[in-house]
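A.B. asks: Grab the two chains, each in its own frame, and use the hints to assemble them into the complex.
Chains as they are written, first to last, in my numbering: chain A, 18 to 742; chain B, 16 to 111.
Don't read these hints as lab results, they were simulated from the structure. Being a predicted model, the structure only gives us computed values, none of them experimental. Please note: incorrect hints may appear among the correct ones.
[Said to hold, decoys possible] Among the chain A residues that face chain B by a calculated CB cut under 7 Å, a handful are:
| id | residue |
| --- | --- |
| 1 | Lys108 |
| 2 | Asn139 |
| 3 | Leu413 |
| 4 | Lys416 |
Beta carbons are placed, not taken as given, at the ideal position from N, Cα and C, and that holds for glycine.
Here is how the chains run, residue by residue.
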Amino acid sequence: MAGATQHVRPVVPQSGAGNVAPTLERLPRLALIGNPNSGKTSLFNQLTGLNQKVGNFPGVTVDRKTGIAQLGGQRRAEVVDLPGTYSLYPKSLDERVIADLLYNPLSPDYPDFVVVTVDASNLRRSLLLFSQLADLGLPAILALNMTDVAAERGIVLDVVTLERELGVPVVPMNARKGVGLAALRIVMADRLAAAPPAGRFWQPDAALRPMLADIRTHFSLPNDYLALHYAHQFRQLHFLGEADRAYLQELTERYEFDSTAQQAAETVARYARINELLLEVVTVTRTERREPASNRIDKVLTHRVFGYAIFLAILFLLFQAIFAWAQYPMEWIDQGISALSAAIQARFHGPLVRLLTEGVIAGLGGVLIFIPQIALLFAFLAVLEETGYMARVTFLMDKLMRPFGLSGKSVVPLISGLACAVPAIMGARTIESWKDRMLTIFVTPLMSCSARIPVYTVLVALVVPDESWLGLFNMRGLVLMGLYLLGLGSALLSALVLKAVLKARERSYFIMEFPVYRWPRWKNVGLTIVEKVKTFVMQAGKVIIAISVLLWVLASYGPGQRQEQAAAQVQQQAAAQGWPAAETERRVASARLETSYAGAFGHVIEPAIRPLGFDWKIGIALLTSFAAREVFVGTMSTIYSVGQDADLGTVQQKLASEKDAQGQPFFTPVRALSLLVFYVFAMQCMSTLAVTYRETKSWRWPLGQLVYMTGLAYAASLLVWQVFK
Amino acid sequence: MPVAFFRRSATSVAASQPAPARRTANDLKRGETATVCCLKDPQMALKLLEMGCIPGTQVRLAGRAPLGDPLMLVLGDEEYTLSLRVSEAVTIQLKD
Numbered sequence: 018m019a020g021a022t023q024h025v026r027p028v029v030p031q032s033g034a035g036n037v038a039p040t041l042e043r044l045p046r047l048a049l050i051g052n053p054n055s056g057k058t059s060l061f062n063q064l065t066g067l068n069q070k071v072g073n074f075p076g077v078t079v080d081r082k083t084g085i086a087q088l089g090g091q092r093r094a095e096v097v098d099l100p101g102t103y104s105l106y107p108k109s110l111d112e113r114v115i116a117d118l119l120y121n122p123l124s125p126d127y128p129d130f131v132v133v134t135v136d137a138s139n140l141r142r143s144l145l146l147f148s149q150l151a152d153l154g155l156p157a158i159l160a161l162n163m164t165d166v167a168a169e170r171g172i173v174l175d176v177v178t179l180e181r182e183l184g185v186p187v188v189p190m191n192a193r194k195g196v197g198l199a200a201l202r203i204v205m206a207d208r209l210a211a212a213p214p215a216g217r218f219w220q221p222d223a224a225l226r227p228m229l230a231d232i233r234t235h236f237s238l239p240n241d242y243l244a245l246h247y248a249h250q251f252r253q254l255h256f257l258g259e260a261d262r263a264y265l266q267e268l269t270e271r272y273e274f275d276s277t278a279q280q281a282a283e284t285v286a287r288y289a290r291i292n293e294l295l296l297e298v299v300t301v302t303r304t305e306r307r308e309p310a311s312n313r314i315d316k317v318l319t320h321r322v323f324g325y326a327i328f329l330a331i332l333f334l335l336f337q338a339i340f341a342w343a344q345y346p347m348e349w350i351d352q353g354i355s356a357l358s359a360a361i362q363a364r365f366h367g368p369l370v371r372l373l374t375e376g377v378i379a380g381l382g383g384v385l386i387f388i389p390q391i392a393l394l395f396a397f398l399a400v401l402e403e404t405g406y407m408a409r410v411t412f413l414m415d416k417l418m419r420p421f422g423l424s425g426k427s428v429v430p431l432i433s434g435l436a437c438a439v440p441a442i443m444g445a446r447t448i449e450s451w452k453d454r455m456l457t458i459f460v461t462p463l464m465s466c467s468a469r470i471p472v473y474t475v476l477v478a479l480v481v482p483d484e485s486w487l488g489l490f491n492m493r494g495l496v497l498m499g500l501y502l503l504g505l506g507s508a509l510l511s512a513l514v515l516k517a518v519l520k521a522r523e524r525s526y527f528i529m530e531f532p533v534y535r536w537p538r539w540k541n542v543g544l545t546i547v548e549k550v551k552t553f554v555m556q557a558g559k560v561i562i563a564i565s566v567l568l569w570v571l572a573s574y575g576p577g578q579r580q581e582q583a584a585a586q587v588q589q590q591a592a593a594q595g596w597p598a599a600e601t602e603r604r605v606a607s608a609r610l611e612t613s614y615a616g617a618f619g620h621v622i623e624p625a626i627r628p629l630g631f632d633w634k635i636g637i638a639l640l641t642s643f644a645a646r647e648v649f650v651g652t653m654s655t656i657y658s659v660g661q662d663a664d665l666g667t668v669q670q671k672l673a674s675e676k677d678a679q680g681q682p683f684f685t686p687v688r689a690l691s692l693l694v695f696y697v698f699a700m701q702c703m704s705t706l707a708v709t710y711r712e713t714k715s716w717r718w719p720l721g722q723l724v725y726m727t728g729l730a731y732a733a734s735l736l737v738w739q740v741f742k
Numbered sequence: 016m017p018v019a020f021f022r023r024s025a026t027s028v029a030a031s032q033p034a035p036a037r038r039t040a041n042d043l044k045r046g047e048t049a050t051v052c053c054l055k056d057p058q059m060a061l062k063l064l065e066m067g068c069i070p071g072t073q074v075r076l077a078g079r080a081p082l083g084d085p086l087m088l089v090l091g092d093e094e095y096t097l098s099l100r101v102s103e104a105v106t107i108q109l110k111d
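Just chain B, same shape as in the assembly (with noise of 0.2 Å):
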């Protein structure tokens, strides 16, 4: 559990991404499952943290609204269903 990413402060988050870009939880095709890799804003990731969006966990995207924003993705094997938009969707990065 990558748990020492989190004990970076935010701006040395923010700084060191030139990395070449991971895909996130809005990359996902429909009904494809991943795992999660790690958060992006410090921020945005309190918020998924506690609500159970945690590195390792895998999500699964359930679908789209029909105008592509917000996206529905489904949480580990609880099949506990989050509904997200996509600016706060691009903050979770997914494993390769």
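Chain A extracted, bound-state conformation (with noise of 0.2 Å):
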């Protein structure tokens, strides 16, 4: 115990040093840690409610979600809710958060104390952590949750006797429910005046005291354990320098320190120690053994013809959602922003009214659009991880995912990713593992998402006939199922061959807890859908809006004087053919854009996607369709002068009378394949990419899908443009 005070952190704010002002007074700080499926998250949403804040943890993908939480006595504390976990001993990347922040008593983010959160049924394992933070001398509060589950299964808890062994104050609740929340709260606020640290589970082993003797001196640490986990884990503390990190190094081959045996040997100890204190505490009055509940509904959610229909018809259901369901909502959006354009434009006129009006609040609907779709998506995963079912789908399906480098998780972001890739991506956040992580998201965007269906409809009504083959299946059905077999087909093949060339930063294992069926908190619900929608718009946003702001400028102004001269020219033909009004507007509309930067660009282009079969117009609708693959349809319509409100129909029409230099059709069956092909590759959507970036934090996932997509869909084009041609 001795040493173990010296480190407990003084509320006030350090004058001087420290990045916080000296007359903004720091909140106390308390870190939530507990194992995974402990109700650390109801917690953490009864805790803090809509008063979360969604950060980055320095160097890693994971989210640092704080709150701000009212306590007893009017005290107010900062929360951070930290990743699940078992151990203090990180196996997966986002558990090293919980080392840097623990570790380093120095650190402006090391917590007041932490309210460890501990699963009543589950005493056993869930003390394990708590034993571990005991000793790094953290004062603590144990949350004892999901008490109702222990008293269901007639588990009878003696807590107070539990206090008295753990030395700290033990609060039995529900968070689901928020039982027990105001007693926490009070317990909390009372900490915070005095945080003793708790009493000591596990000494490290006798022999090991010189080489922890030399960490703590060399550290000034208060502790032999956290000495030891010094010695664990120096290769992942991001607070340590080259210097530190090689002074461990050398400590720890001098003292031959092995850690893998050591931490098993830790593990087993610490079992027997917490077995020895449950006797006392645990009593089980238990009158039958009935099967529980959830292993009778696990019979048939995992049954193997029940299983796989029921999960079909969930994703049926999630997919209906996102794709039919969602269309309404992005209308009014739609609406409302066109609305609000042509509302502005009605009133005032320049050059600076049509870049708010066209580019950046065009910019913005393009990110607000997102949102039901995004929202539903996520009421969807929410619910199904709340309720537990989502583990049963990795059951299910990780066999069937695994030759291809993904996990039975990566299922739902994939055929999310049919409807649109970018709550797809977001979606990708529940698979732990790194490396199956980055395959979901990297090959996600080849699934054929609902933006590319204009552009499929368009193409395939063009050149297919309308007519039916062996008298059952129409043509144009069978191309369309055919574009997205394709895209399937590339993701899973994408992913197979990304897995041999990308290493795993660390093993992965598989295993996981079966959580307890349980209905879900809406408000967990609701609480994720709100955070989800906010990430989105205030960080993939930026992104978005920038690029369609830049994309418009392009399509909307030229070099020099040319789109002047072009439209006074279509002005003199329309003068002189006595065109109508809106015809003359429309062949000015496409005379200047053909002199934009973005004509401009397909010029230059042009002789780079003519292997493919495509000319300059072509050229301009990739440009511009990057901003939403969609654009195509209306980039087309305005090139071809049909105006951009005209229907597919229409648009058709004039495409199918595009002749080429020689008076043939322009758009013969190979030109409009080698058009589809391109889409079904090619990553033209900013949105994916922004997303990509916000949820790998590096920009070198988003330029590799670019690259990787853009050259996969120029290498297909080129096969059938040159070969069938």
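C.D. replies: Pasting the structure below:
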């Protein structure tokens, strides 16, 4: 116990040094930590409500969720939600942020105390983590959660004895229902005044003492157990410098420190101690040995027939939701944005107003339009996670996905990618293994999303006859299905290739707990939706608006006076031919686009895309549809001067009547197929790139996607055009 | 409790395996219960240990995924269910 009290941090801000302004009162900070499925998220939501903020832990892709909690006695504290873990020895990249936060008493983020959520129905395993935290010398409160489940199983806990044995306050509660929350707030407020560290559980082996003493002196650490963790984990602690690591490397080698064996011995010894302690605390008064309800539900939900049937039905519903139901709110957003633009344009004029309406507001619309899909997908995902069903999906699908380097958890993001890659990539968050998550994010945009549909429909209808094949299948339907399968196949094969290329950063484990089935808490579902939408709008939104403004400038302005000259020429023609005003307007728009920077771009890249069968007009559409694939149709309409609002039929007629230099139809089946194949593969979506950047916290991944998918599209189109033309 | 087992270094654990193959958790029949004897793969052992799969614990094979992999193990008397792949289950050796 000696020494452990040395690093209890003062709640008042340190004067001068530190990055907190002296006038600003630093809120006391507490960290929330616990096993996965111990109700940690529920407790965090109960404590902070809508007062949550998502930021970054430095150096990792883990979101850092913080919030302000109102404690008893009008005190407030900042709560940091740490990733769920079974022990302080990190087994995944996510868990490493815990070490970075808790092992450096000098860090400004170091918590004043920790609240450990513990599953009362599984006390033995939950106390392992608690005992490690206690030995680190951290003041702690034990939130004895899920007392309802424990009671259901006939588990009676002697809280008073537990409190005495552990040496910390124990608050029995049911975080999902908010039971015990008031008591917890009061206990937490008490701890702010005085937070004595918890009692000791386990001491490192005597043989290790000399090494630990060296480490303690070198880093001036308060206790042996923290020193032991430095010896175990120095390679992964971000706050240590090169020299410190070299020192620890040398030291552990000199003392022949065997990290694996020591860890195993520690865990076994801790369990032995916990077992002893629990003899006095836990009484099981189970009258009958009835199989828990969860296991009975599992018999159906993981059944070889029903299991898949139910999962398929849920996928179908999910797909319906983000594909069909989301269309209504998306249309409202679209109309709202158009109305806003029109209203502004009706009152004000000038280039700045056009920049605002056609550039910025249109870009904002491009961000907001995703909200319904993101909200719906995360409503589903949150319910699937909350109920515990997601673990079963992984169980059912794992073997099917593994040959491609994906895990059972990749299924839901991939399927969601059929509607839209943006929420799908955000959904890949549920995949713990870094490599699996990156593979899933990387290949999801290859799934044919709903934005490709307008492109597919126009081009398929253009060149595929509306006839049936063998009197059964509609030809257009078959081609469309072929395109979807091409997308799916390429996603899986790409995963296979990437699996071989990408080196795993950690050993990945499949092993996981099967949480008991429970009803979802709607508050948690709602908060997940709010959090995800907010993150998307604030973080990916910036990139999307910036790119869309850039694209708008490229399509609206041209070098020198060429645009004005071209427009004047059309006006003269119109006067000579006596065209109606609408016709003139369309032709002016077309001429302006042709002479814009985007038009110049089309001409410049024409030599590069001619081998694919594309001309400069398609080149323009390729550039503008980078904003979103469906823009292809709008741009083609403008270029062929049918007007932006023309229906698909008109666009098709116009495209069909387009002739090449020899007077033959320009859009031959092979040319259309080449273009279709291009759109199946090409990364024509800035929003996807923005969201990949946001989820991977690095430009390497979105740029990799852009280069890989565009390259794939180019190669495939080249093949189609060169072989079949 | 075979604590001594874990004091051996990783290499010596791997080297001392020519003995007749023990049954593993993957050899359990559906519904069959057995006691964990030892954990073979040192890295995997650390993960299994912290999840409560300690030598001496009882395990019951509750079922398998329809494609035979992964499988579902119920630990101890707490009716605590783990899901793990066959490649992971074979590292859990059972007492005879």
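A.B. asks: Quick one: which hint numbers does this structure break? Sort them smallest to largest.
C.D. replies: Those not satisfied: there are none.
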